[in-house]
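Mapping of the sequence shown onto this note's numbering: position 18 corresponds to residue 18, and the numbering continues sequentially without gaps.
Misleading hints may appear alongside valid ones.
[Claimed, not checked] Below, in silico cross-link-like pairs of lysine-lysine (DSS-like), each with a Cα-Cα straight-line distance of 30 Å or less:
(1) Lys26 <-> Lys102
(2) Lys102 <-> Lys38
(3) Lys35 <-> Lys20
(4) Lys38 <-> Lys26
(5) Lys102 <-> Lys35
(6) Lys20 <-> Lys102
[Unchecked claim] Here are the in silico distance ranges between beta carbons for each label pair:
(7) Ala93 <-> Ser15: 17 to 25 Å
(8) Gly108 <-> Pro57: 34 to 42 Å
(9) Gln27 <-> Glu61: 23 to 31 Å
Please keep in mind that the hints were generated in silico from the structure rather than gathered at the bench. Just so it is clear, the structure is predicted and the values come from calculations on it, not from any experiment. All C-beta atoms in this analysis are idealised placements derived from N, C-alpha and C, irrespective of residue type, glycine included.
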Amino acid sequence: DKRESFSSRDIVRFSTCNSKRNFGPKQQMCDAAYKDTKLDSITIHPSMPGVQVWTVPRTGEYSILALGAEGGRAIAPLHQSREAKQLAPYAMAYFHLSEGTKLNILIGQKGQDACS
Numbered sequence: 001d002k003r004e005s006f007s008s009r010d011i012v013r014f015s016t017c018n019s020k021r022n023f024g025p026k027q028q029m030c031d032a033a034y035k036d037t038k039l040d041s042i043t044i045h046p047s048m049p050g051v052q053v054w055t056v057p058r059t060g061e062y063s064i065l066a067l068g069a070e071g072g073r074a075i076a077p078l079h080q081s082r083e084a085k086q087l088a089p090y091a092m093a094y095f096h097l098s099e100g101t102k103l104n105i106l107i108g109q110k111g112q113d114a115c116s
């Protein structure tokens, strides 16, 4: 397998840019969150609020790990343990990406707990 180990790769981590609830981040939020990182060129999609746009910096093989948002607590006593929560699903795949390709990134957040 020609794929390098994760330890020898550049790793970037996209985030919610500190946005809350069901509102995606605004450009100023991502500017602040990604300042002085490899993601400081992220933009917000002009017609899809909250969707981050990342431009591939160089042609090559990329591994993308997508983690789902952790679920909130179901209808149960509020002292329910952390183990009883839904855990986040994930998917990983390898892609050959070309420099200049734009990827739309949508970051979800942890689900809210049910009403008590």
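Satisfaction of hint between Lys102 and Lys20, Cα-Cα up to 30 Å: holds, 25 Å
Would the pair Lys38 and Lys26 pass a check requiring their Cα atoms to be no farther apart than 30 Å? Answer holds: Lys38 to Lys26 is near 18 Å, not above 30 Å.
Do the Cβ positions of Gly108 and Pro57 conform to the proposed distance bound of 34 to 42 Å? violated, 25 Å
Range hint 23 to 31 Å: satisfied by the CB atoms of Gln27 and Glu61? Distance hint for Gln27, Glu61 holds at roughly 30 Å.
Quick one: are Ala93 and Ser15 within 17 to 25 Å, going by C-beta? holds, 20 Å
Need the status of pair Lys26, Lys102: alpha-carbon distance at most 30 Å? holds, 18 Å
With the threshold set at 30 Å, check whether the alpha-carbon distance from Lys35 to Lys20 stays at or below it. Given pair Lys35, Lys20 holds - Cα atoms ~19 Å apart, limit 30 Å.
Are the Cα positions of Lys102 and Lys38 separated by 30 Å at most? Given that 30 Å is the threshold and the Cα spacing comes to 15 Å, the pair holds.
Against the 30 Å threshold, does the CA-CA distance of Lys102 and Lys35 hold or violate the hint? holds, 20 Å
The structure does not agree with numbered hint 8 stated previously, though it agrees with all others.
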